[in-house]
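Note that the UniProt record's numbering gives residue 88 to position 88 of the sequence shown, counting from 1, and the numbers run on in steps of one.
To be clear, the hints were calculated from the coordinates, so they are not data collected in a lab. Check the hints yourself; a few may be wrong.
Stated by the list, open to error - Below, computed lysine to aspartate or glutamate pairings styled on EDC-like, alpha-carbon distance capped at 20 Å:
| # | residue 1 | residue 2 |
| --- | --- | --- |
| 1 | 56 | 110 |
| 2 | 50 | 25 |
| 3 | 99 | 110 |
| 4 | 111 | 97 |
Said to hold, decoys possible - Derived DEER-like restraints, expressed as beta-carbon distance ranges:
| # | residue 1 | residue 2 | range |
| --- | --- | --- | --- |
| 5 | 41 | 96 | 26 to 32 Å |
| 6 | 105 | 44 | 25 to 31 Å |
| 7 | 64 | 97 | 39 to 45 Å |
Don't be surprised by glycine CBs; every beta carbon is placed ideally from N, CA and C.
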Amino acid sequence: MDSSLLQHSQELYVHHYVVLDQQPDGTVPTMGTIFQGVSPWLYSVQHDIKRRFIIKRRWTQRLTLEGSVSNVMSIGPSAHAVDALEYFDRGINVRTDWKNNTTGQYRDVEKGALLWIGVVSSSIPDQVEPVPLEPEGEDMIEPKKVAINKIGAERKAVQRQGHPV
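Use the sequences and the hints to build the structure in full.
Quick look at the structure:
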């Protein structure tokens, strides 16, 4: 991204999806494998594989840049920080069956793999970029507590606009 774009106020949207892979085939699926659509706002599961991939949770975060860049780093999360895993792990009720291996890789899941997908879209045209939430390769990362600032306020703002959260 050009640094001159950072001098203007802009908004970035992070679209989060928790997707259930009913029948994993040993390889981590790509965005193009799961979703169809031209924008993260319009993504839906491809028709041919709707029985394999089920969207369990979907939410959007708005990140705003006011046009100034600072070298001052934040000391920690704000008072409104919430545990993101706590947000989407309640009520999913998914059973994951594993093969008899101790490696803990994606290819070791027999049934019921959960994928957390994040896509960043910008208010600047043609600035859509998928964000990998796992390291390269097939190793599964153990769930970590991730603090997301002001997610509660964002959920209330989305609810006020009439969108379900």
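Against the structure, the hints come out as follows:
no., hint, result
1, 56 x 110, "holds, 19 Å"
2, 50 x 25, "holds, 15 Å"
3, 99 x 110, "holds, 6 Å"
4, 111 x 97, "holds, 5 Å"
5, 41 x 96: 26 to 32 Å, "holds, 30 Å"
6, 105 x 44: 25 to 31 Å, "holds, 29 Å"
7, 64 x 97: 39 to 45 Å, "holds, 42 Å"
The structure is consistent with each of the numbered hints, conforming to all of them.
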